[in-house]
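A.B. asks: First to last, the sequence lines map onto chains G and Z.
1 is the number of the first residue of the first sequence in my numbering; add one for each residue after it.
1 is the number of the first residue of the second sequence in my numbering; add one for each residue after it.
Derived from the structure by calculation, the hints contain no laboratory data.
It cannot be assumed that every hint is accurate.
To be verified - Have a look at the derived ranges for each label pair, beta carbon to beta carbon:
hint : chain 1 : residue 1 : chain 2 : residue 2 : range
1    : G       : P156      : Z       : A24       : 47 to 53 Å
2    : G       : A313      : Z       : V218      : 17 to 23 Å
3    : Z       : L210      : G       : T253      : 36 to 42 Å
Stated by the list, open to error - Residues from chain G that keep clear of chain Z, each with C-beta distances beyond 10 Å, as calculated:
hint : residue
4    : P305
5    : I321
6    : K398
7    : R450
8    : R509
Idealized CB from N, CA, C, for every residue including glycine.
Read off the chains here:
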Amino acid sequence: MKVRAHMSMLFHLDKCIGCHTCSIACKNLWTDRKGAEYMWWNNVETRPGTGYPTGWEDQERFKGGWEYKDGHLDLRLHSRTQGLFRLFFNPALPSLDDYYEPFTFRYSDLFTSPEGEDQPTAIPISMITGEPMTPGAGPNWDDDLGGSPLYAANDPNLKGLDPEVRAQLAEIEGVVFQYLPRICNHCLNPSCVAACPSGAIYKRAEDGVVLVNENKCKAWRMCVAACPYKKVYYNWATGKSEKCILCFPRLETGQAPACAHSCVGRIRYMGVLLYDADRIPEAAMVPDERLVESQLGIILDPFDPEVIAAAKAEGIDEGWIKAAQNSPIYKFVKVWGLAFPLHPEYRTLAMMFYVPPLSPVVSTLEKALRASQGREGLVRLDLPETDLDFEVYESLEKARMPVKYLANLFSAGNESLIVPALKKMLAVRILKRQESLEGGVTEKARKVLRDAGLTLEEAEAIYRLTTLPTLEERFVLPPYHREMAAEVWKDPLAHKGETGFGYIQPPLRGE
Amino acid sequence: MNWNTILFGIFPYIALTLAVAVTAYRMVYRPFSVSAQSSQLLEQKRLFFGSTAMHWGLVLVLLGHLLALLLPKGLLLWNAVPVRLYLLEITGLGLGFWALVGTYVLLARRISVARVRAASTGMDYLVLVLILLSALSGVLTALFYRYGSFWFPAVMTPYLWSVLTLQPRPELLLDLPFWIKFHVFNFWLLVAVFPFSRLVHVITVPLGYLLRPWQIVVWVRKLAR
Chain G
1 MKVRAHMSML FHLDKCIGCH TCSIACKNLW TDRKGAEYMW WNNVETRPGT GYPTGWEDQE
61 RFKGGWEYKD GHLDLRLHSR TQGLFRLFFN PALPSLDDYY EPFTFRYSDL FTSPEGEDQP
121 TAIPISMITG EPMTPGAGPN WDDDLGGSPL YAANDPNLKG LDPEVRAQLA EIEGVVFQYL
181 PRICNHCLNP SCVAACPSGA IYKRAEDGVV LVNENKCKAW RMCVAACPYK KVYYNWATGK
241 SEKCILCFPR LETGQAPACA HSCVGRIRYM GVLLYDADRI PEAAMVPDER LVESQLGIIL
301 DPFDPEVIAA AKAEGIDEGW IKAAQNSPIY KFVKVWGLAF PLHPEYRTLA MMFYVPPLSP
361 VVSTLEKALR ASQGREGLVR LDLPETDLDF EVYESLEKAR MPVKYLANLF SAGNESLIVP
421 ALKKMLAVRI LKRQESLEGG VTEKARKVLR DAGLTLEEAE AIYRLTTLPT LEERFVLPPY
481 HREMAAEVWK DPLAHKGETG FGYIQPPLRG E
Chain Z
1 MNWNTILFGI FPYIALTLAV AVTAYRMVYR PFSVSAQSSQ LLEQKRLFFG STAMHWGLVL
61 VLLGHLLALL LPKGLLLWNA VPVRLYLLEI TGLGLGFWAL VGTYVLLARR ISVARVRAAS
121 TGMDYLVLVL ILLSALSGVL TALFYRYGSF WFPAVMTPYL WSVLTLQPRP ELLLDLPFWI
181 KFHVFNFWLL VAVFPFSRLV HVITVPLGYL LRPWQIVVWV RKLAR
C-alpha cells in the first residue's frame, strides 16, 4: 500500500445555476493574457449539449484518454513510436475553430468616429489578428439551449437513449437541461502526462495537482489531443501548453481555488482524499461497468489505523490526515456514494467528482396522464407536491433527465450506480420537506428513507452538507506548510530575507 | 585573403561558435525559449502538407549528406553499379523536391493566413526563406551538376572534414560553380542563424519518450533531499 494524498473538488450539480461566476473568476485570475484569450480552464456547459470545445466527448475524432484492449492499457492517441512520428503534425489536435476565435470590440470607434447621421458602433474584432470579424461561436454559445437541434441533439451522451426519450428532451415547453461545470480533473492516470514526448507534464505527489513545466514544454501539442476532457490548452502566443493548476498558489496559502471560492450556488467542495498509488493500474484495467467501483476502491478510509500508519510512513503529516478525515469529498464519494467521476470510461481516473442532479418531474407520467385525459399539450400532474416527490421516487427510471443520460456522463453507462444516488438524494428531500413544511415525518417517508439505505442521522448529515455548509465545511484545506517546503531548499531565514528580490524572465517565445 | 577564404574558411567557424555557445546559453538561461512555436492550432490543413513535406524531406536529405560525410567510400562502392546510382540520385532529388515544395507551402501559408501571420516574427520568415533557398540551390545543384553522390565524397567530404578538424581548406571550393557555393554558404548561414531562431528545436527531439515510464510524479519537497 502506497498512500498518497489528493486535493479533490466536488461539484454538487443539483445546486448549479449555470451563472458562470466560476469561469469569470478563473479567467480574471489566470487566462486574461495574450495567447490565452480562448482558454477557459473552468467552463460551464449546458447539457445535453456539445460543450466546449465543441464535441469534446467525441473520442473517435479527438483520440483522448486510454483504451483497454486484450489486457493492455494504451493511449488512444498514439504509441510511443507513433508519437515521435507525429511530431511535425498532430492529426488529432483540435483547431482554434473547435474552441472559438476570441474577439473583443473596437470601443475606440465610439469616440473617434466622425460626426454623422448614425450612432457609432463598436465592431467586433479578432483578438488574434485584430481584424474585424463576425463572431460565430463562444465558450458558452449553447448556454441554456437545451433542446436545440444544433447543440443538444448532437450530444454524444445521448447514445443508448430511446428515440422517444430523446424527442421528449427537446419537447416545446418541456425542454430539459442541466449544467456541467468543468475544470481539469487532475487524474490519477493522466493521459496528458503519458502523451507528452518531452515529459514536461507531471503530477505533484503531495497533492495530486497535474502541472505543465513550461520550460520543458516544447510545443509538440500531444497533451491537448490526449486529454479526453480537452482541458490542456495550447497558448498560440508563447507556444506552450497551459492548464488548470487547481489554483495551487491559493491552496498553499489556505484559500480554496478561485472558481470554488466564488461559486454563487456554493456547489463546490474541496477536500483531501487518500488513495493507494500502487493499485492505480488495476483500477484502470477493468471492464467499463466496473470502473467507478474500482476507482472508488483505491480511495482509502482515512480512519483506518493501518491506512493512517501507511500514510505517515509515506510522509503525509498529521494535518493532512486530519483534513482527509474531515473531507466533504470523502463523505459524498465514499460514505454516502452520491458522487461520481466524469466519464470514467476514459480510464484516466478523474479525481474531481460530481453529484448528479435531480429532475423535477417525470415526463412519462405527465404523458400518461395526458393520454388518459385525451388532451394534447402539457398537463401538470394534478398531485400535491409532496406526493409528486413519491411518484418521482417510484419511477426514477423515467425521470425527466433520463438516468441513462446521467449514467453516460458519470458511470460509463451503468445506470445501477446512478439510481441509488438519486434515490438517496430524493429520500432526503422528501424527509426534510415533510419535516420543515408539514411539521412531521410520515411513515411513508421513513419507508422511502429505509429503502434508499439511509438512516435518519445520515440523511440529516447529507442535508446539512448539501444545503447549510459553512465555508470551513465546504473547503477543508490541509496545511501546506510552505515553511517546510522552503526549508528543504535553503535556510528559511535567508529565504524570508530574499523573497521578492531577484528577477523574473517574462514568458517570451523563442525567435 | 579573398572572398572564398572569408566565406568558406572563416565564416564557418563564426557560425559554429555561435551555434554552440548561444545554444548552450539559451538552454541553460532561457529554457522557456528553446522550442519552435507551433501554429497548428491556428491553421491545420496547409500545415499538414507543408510541415510534413518540409520536415521529412529535410531530415532524410540531411541524413543522406551525413552518410556521404561519414561513409564516403561506402557511398562510392554503392554507386559502382549504375542502377544503384540512379536509384540513389532519383530518391535524393525527389526528397529535395518534396522539401522544397513543403517549404514553399509553409512560407506562403505564413504570409497569407492572417492568424498565422499574427503569430509570426521576422525570424520565422527569415528561417523559411533560408530553408527555401537551401532546398532550391540543392535541387538545382542536383539537376545541373549531375551525380552529386559521386562527386560529393571527392570534394565536399574533404572540405567539411577540413573545417571540422580545424584545418580549413576553403580552396577546395574555389573552382566550383555558383549554385554549389551558394548551397554551401547558405548552410553555414543556417548554422549561424540556428541559435537565434526556432531552428534550436532540432536539439529537443524527444527520443527519451521511447524509454520513460508513462507517468511522471514529482515530489516538490523531496527535490532537495
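A.B. asks: Hint compliance check: list the failing hint numbers for this structure, sorted ascending.
C.D. replies: 8
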